[in-house]
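Q: What follows is the residue order along each chain.
2 protein chains.
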Amino acid sequence: TNCPTKPVSISFVNAFPVILLDLLPAKNGEEATMQFLLELVDILTNYVRKTFDRSTKVLDFHHPHQLLEGMEGFNLELSDQPESLEQILVDCRDTLKYGVRTGHPRFFNQLSTGLDIIGLAGEWLTSTANTNMFTYEIAPVFVLMEQLTLKKMREIIGWPSGEGDGIFSPGGAISNMYSVMIARYKYFPEVKTKGMSAAPRLVLFTSEHSHYSIKKAGAALGFGSENVVLLSTDERGRVIPADLEAKILDVKQKGYHPLFVNATAGSTVYGAFDPINEIADICEKYNMWLHVDGAWGGGLLMSRKHRHKFSGVERANSVTWNPHKMMGVPLQCSAILVREKGILAGCNSMCAGYLFQPDKQYDVSYDTGDKAIQCGRHVDIFKFWLMWKAKGTVGFEQHIDKCLDLSQYLYDKIRNREGYEMVFEGVPQHTNVCFWYIPPSLRGMEHNSKEYREKLHKVAPNIKAMMMESGTTMVGYQPQGQKVNFFRMVISNPAALQSDIDFLIDEIERLGRDL
Amino acid sequence: TNCPTKPVSISFVNAFPVILLDLLPAKNGEEATMQFLLELVDILTNYVRKTFDRSTKVLDFHHPHQLLEGMEGFNLELSDQPESLEQILVDCRDTLKYGVRTGHPRFFNQLSTGLDIIGLAGEWLTSTANTNMFTYEIAPVFVLMEQLTLKKMREIIGWPSGEGDGIFSPGGAISNMYSVMIARYKYFPEVKTKGMSAAPRLVLFTSEHSHYSIKKAGAALGFGSENVVLLSTDERGRVIPADLEAKILDVKQKGYHPLFVNATAGSTVYGAFDPINEIADICEKYNMWLHVDGAWGGGLLMSRKHRHKFSGVERANSVTWNPHKMMGVPLQCSAILVREKGILAGCNSMCAGYLFQPDKQYDVSYDTGDKAIQCGRHVDIFKFWLMWKAKGTVGFEQHIDKCLDLSQYLYDKIRNREGYEMVFEGVPQHTNVCFWYIPPSLRGMEHNSKEYREKLHKVAPNIKAMMMESGTTMVGYQPQGQKVNFFRMVISNPAALQSDIDFLIDEIERLGRDL
Chain S
1 TNCPTKPVSI
11 SFVNAFPVIL
21 LDLLPAKNGE
31 EATMQFLLEL
41 VDILTNYVRK
51 TFDRSTKVLD
61 FHHPHQLLEG
71 MEGFNLELSD
81 QPESLEQILV
91 DCRDTLKYGV
101 RTGHPRFFNQ
111 LSTGLDIIGL
121 AGEWLTSTAN
131 TNMFTYEIAP
141 VFVLMEQLTL
151 KKMREIIGWP
161 SGEGDGIFSP
171 GGAISNMYSV
181 MIARYKYFPE
191 VKTKGMSAAP
201 RLVLFTSEHS
211 HYSIKKAGAA
221 LGFGSENVVL
231 LSTDERGRVI
241 PADLEAKILD
251 VKQKGYHPLF
261 VNATAGSTVY
271 GAFDPINEIA
281 DICEKYNMWL
291 HVDGAWGGGL
301 LMSRKHRHKF
311 SGVERANSVT
321 WNPHKMMGVP
331 LQCSAILVRE
341 KGILAGCNSM
351 CAGYLFQPDK
361 QYDVSYDTGD
371 KAIQCGRHVD
381 IFKFWLMWKA
391 KGTVGFEQHI
401 DKCLDLSQYL
411 YDKIRNREGY
421 EMVFEGVPQH
431 TNVCFWYIPP
441 SLRGMEHNSK
451 EYREKLHKVA
461 PNIKAMMMES
471 GTTMVGYQPQ
481 GQKVNFFRMV
491 ISNPAALQSD
501 IDFLIDEIER
511 LGRDL
Chain U
1 TNCPTKPVSI
11 SFVNAFPVIL
21 LDLLPAKNGE
31 EATMQFLLEL
41 VDILTNYVRK
51 TFDRSTKVLD
61 FHHPHQLLEG
71 MEGFNLELSD
81 QPESLEQILV
91 DCRDTLKYGV
101 RTGHPRFFNQ
111 LSTGLDIIGL
121 AGEWLTSTAN
131 TNMFTYEIAP
141 VFVLMEQLTL
151 KKMREIIGWP
161 SGEGDGIFSP
171 GGAISNMYSV
181 MIARYKYFPE
191 VKTKGMSAAP
201 RLVLFTSEHS
211 HYSIKKAGAA
221 LGFGSENVVL
231 LSTDERGRVI
241 PADLEAKILD
251 VKQKGYHPLF
261 VNATAGSTVY
271 GAFDPINEIA
281 DICEKYNMWL
291 HVDGAWGGGL
301 LMSRKHRHKF
311 SGVERANSVT
321 WNPHKMMGVP
331 LQCSAILVRE
341 KGILAGCNSM
351 CAGYLFQPDK
361 QYDVSYDTGD
371 KAIQCGRHVD
381 IFKFWLMWKA
391 KGTVGFEQHI
401 DKCLDLSQYL
411 YDKIRNREGY
421 EMVFEGVPQH
431 TNVCFWYIPP
441 SLRGMEHNSK
451 EYREKLHKVA
461 PNIKAMMMES
471 GTTMVGYQPQ
481 GQKVNFFRMV
491 ISNPAALQSD
501 IDFLIDEIER
511 LGRDL
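Listed in order, the protein sequences are those of chains S and U. Each residue of the first sequence is one higher than the one before, starting from 1 at the first, in full-length UniProt numbering. Each residue of the second sequence is one higher than the one before, starting from 1 at the first, in full-length UniProt numbering.
If you are wondering where the hints come from, they were derived from the structure by calculation, not from laboratory data. Be careful, since some hints might not be right.
What the hints assert, rightly or not - Straight line, CA to CA, 30 Å or less: simulated DSSO-like cross-link-like pairs of lysine-lysine:
#	chain 1	residue 1	chain 2	residue 2
1	S	Lys458	U	Lys371
2	S	Lys186	S	Lys285
3	U	Lys194	S	Lys455
4	U	Lys194	S	Lys285
5	S	Lys27	U	Lys371
6	S	Lys254	U	Lys194
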C-alpha cells in the first residue's frame, strides 16, 4: 500500500488475497474479515490524509465517456461472476481517485463542504449498526438521540421549553415538502382523506430567490407550480414584505386561498435572509402558515453574533434546518421542526397496525415511523449528535463565526480590487460572496452592451472548466434573473484558511487573465 | 481495549487522550486523526465480530426512561461544552452496547437484516467521500455507477436493452410515491402546473395487503386517501383480478378516473405476489398505469428459480425494488425504475438555472438532480455496486435461494408440529412464514370462541416481550384483518442457518409454554 507510516497496514498487507467466501458470516471468518476491513481503512485514512493536503488536487477530472470506457483497469460494469477481494480494494481506491475531494480546503463548490472527522466516525458507526429509525424496538438509542436533539434545536429556535414536533428527513427539499403538507393539514385536514378537491384553490408564496424545492413541492403535492407565487426581492435578494401583502390581496380577490409563506433564511445564491418578523406580521394578519427555510442559514442560529439575522424565527410555524450544510455534518442530515406538537403524526399517520403494534411492552409513543412519509428511515442523527457532543454548542458557534469571518475577508479583499465587480452591494448576510471577475480584455467595454454581457456570461464557465481540468480548486457559478453568470463563493469548510481564499483569487486571475 | 487479538489496537492504545482540536484540519493533525479513527475502528470491528457470535445477545433491552436517565454514565443529553475524545469513544461504545444487533444470525425482526461486510465497506467509503448525487461535477464516479446499475436492473426486469429511467430514492415509500407522481404526470401533465383541479377525480388501486405507502402517497400528493381503493385478496393475500376490474368499473360509473394500479410483489406480512400478468391485462384494457411494488420481493428477480413469481413484470410501467431488503444491502438503498425514458425529468424538473448550469464543459445530461424530488441526494449506490462486484449476479442469486430454502425448512418444520397453526395454507411465496404458536393451555379450546381469540391475541406480544427482555432472538408479529396477532418470520439474513431456525422455535416454545 501507499501508506508506509501507518502501523495498521504493515501487519496484514501480505496476507491477501482472501476471498469473499472467507468473510463473515463464514465459519472462522473473523480473521479474513478483520484483514479486509483494515486494508480498506488503510485506503480510507490515506484518502482522509490527502484530502487535507493542499499539495493534492481537489479532483482529477475526466469526462463521462472516459470513465465509462475504463480508466487503467477501473471497470464500472457489473457482471455475473464475482471479483476477487483484492480487486474490490482496487475498485475502492479507484473510486476515490476519480472522485472529488469535497473536504479539501479549496473545495468551495457546494453549500455542503468539509470532512469533519467526528462526523465521519459517526457515519462509520451508523453504517456498522445498520438499523432503521422506524421504531424504538430496533433503534432505541438513535430514536432517543433524535428526540433530544430535535428538542434542543427547537429550544435554539426559541419555542417555549423546546416543545413541538419534528423529524430528520433525507434533505432540505423533503423537509420543505413536509412544511407544505403540514400547513395544508392544519387548515384543510380533510384534504388528507378527500384530496385537493376538498379545499379551495390554495396558494403558496415564496421568494423569487428561494430554493426551487417549494415550487417542486407545490407541483408534487397537487397545488400546481402556478399556484406557487414568487415574491419580489430587494437588490440584496430579500423578500419585500409589501410585495407579499399585495400578492396575498391579489390572490384573495381572485377567490383563491393564501395558505403558506416560505421565508428563506439564507438563500442559495445570495445568502439572503428574508425579514421574518415583517413576514410573520403579515402571516398573522391573514391567518397563514409561516415556514422558515433555514436549510442553508440554520447554522447561524448557533452563533450569538449572527443569529439576529433570524430575528422572529420563533414566530414561525415550521423551520427547515440542515446540519449537513453550514454545520459541516456529513450528508444527509436535515431537520423539519414544527411548533405544534402532534401535527406530523396527524398529517401523515395511516395507523398501519401491521407495522406499529400498540401492544408492545414499552412506551410506543417513541415509535416515530408513522409520522414520516418514509417507512424505513436512515439513521441521520448519530453523526450530528456525536459532533455536538465533541464540539459542544460553542464549537459549532466558533465554526460558524470563523466561516463568516473568512467570507468577510474575501469580501474586503475583492470589493475594490481591479477586475472585480460585486453582484450586490454591502457585506453579505451569509458566507455567500457573489462577484464577477472581469478579464482585462473586457475592462474597458460598455457594461450595458450586448457584446459585453455575452462575453462576461462566458467568463465564469470558462474559468470553472479550467479549474476543474487543472483540479486546483472548485467554486460555483450561475446566472440570476437578468444577471449573467457570476461566481458564488461560499465557505462552510472548516479546513479553509485565509490563504485558501487568497489562492482562489490568484487562481481565478491566473486562469481568467487571457480570456 | 477489549480486542487483544487485533494488530491495530496495540500500537496506539496508550496514546490517548488527544483532543478535538488536535484532529485534522489542525496543523500536524494527521497522527491524532489516525489514532482516533483507528481506535474507533477497533470498537467497530469488535462489534462486527460480536454481531456474528451466537453466544452474544441480539439486544440488551432497556426502556426509554432507563436510557434517558443515563445508563452507567451514558448520557444522551447535549451540552454547550465539548467532551473529550476519550469520552466520545466511550459514547460510541455505549451507543452500540444499548442498540440492536441487526446483523445477528438470530435477528429476524425486519425485512432488512444482516450485516454484509462488503456493503459495510461500501458505506464506510461512501461516508469518507461525503458527496452528493446532485451532479456529475461533484460525484462523477457515483453518478455513472448509478446509471449503469439502474440499466442492469431494468435489463433484469426485462425491458428491452435495459432502456428506461430511474433513480435511487431514500426508501420504498418514496419510490412508491414517485410512481404515483409519474403516473399522474403521464396522463395529466397539466397537474404539475395547475394542480389537481386540472384533472378529474383520480383513483388509485392497491391490495388490502399492500404496503401503506401507496395510501400515504395518495394522501400526500393530493388525491386523498379515500381515493385509494383497496382490493380484495385470496386467502394467500394475492389480489383477485376480478375484484380489481369490478372496482374499476364502479369508479368509472361514478364518473371518476381510474389512474393507477399497484401490484405488490412480496407483501409485507404474507410475502404474497399479486398476479402481475392478469393485472397488466386489466391495466391495458382500461389504459391505466401499472406499478409493481417489489420493495420486498425485488431480490427474487435475481433468482432463476424464483423469478417466475414476477411473471409479467416487464409489462409494468414502473417498479420499486429495494436492494436494502432481500439483497442485504445496508439501509438505505431503494430504486424506482420506470419504463419510459425521460419521464422522471418531465415530471419533476423545475429547470433551476442557478443549480444546473447548462454551460458546463461536460455532457450535462449526466446531471441527475433535477429529475429527483430531492435536491441534495445521499450516495446510496456505491455499497450496492460494490456488493454486486464482489458477489456477481450469481452471488445474489445464491443468497436469495438460500433464504427461500431456509424459509421452506421452517415451514416444513412447523406446519404439522403440535402447538402451531399456519395463518395461510401452502408453501409461502416469499420467505414470510406466518404462524400462531398455541400454548398448551389454549390447545383444547374452541377456536371460534371470543375467549380463545382474546387469549391467542396476547400470546405473540407476550413471547416477543420476553424475547426482547432476554435478548436471545427477535421476530415480528402483527394482526392482519380479522386474524389475531401472529408471528411473521422473515429470512433475509445471510448469517442465518437451519440451527438458528431451530433455536427460534425452541425459544418460542420455551417462553410460551406456560402462557
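Q: For every hint, state whether the structure bears it out.
A: To see whether the hints hold, each was checked on the structure:
1. Lys458(S) / Lys371(U): holds, 26 Å
2. Lys186(S) / Lys285(S): Holds, at about 17 Å.
3. Lys194(U) / Lys455(S): Violated - the C-alpha atoms of Lys455(S) and Lys194(U) are around 38 Å apart, more than 30 Å.
4. Lys194(U) / Lys285(S): Holds, because 27 Å separates the two Cα atoms, which is no more than 30 Å.
5. Lys27(S) / Lys371(U): violated, 45 Å
6. Lys254(S) / Lys194(U): holds, 15 Å
Going through the hint list in order, the structure does not satisfy hints 3, 5.
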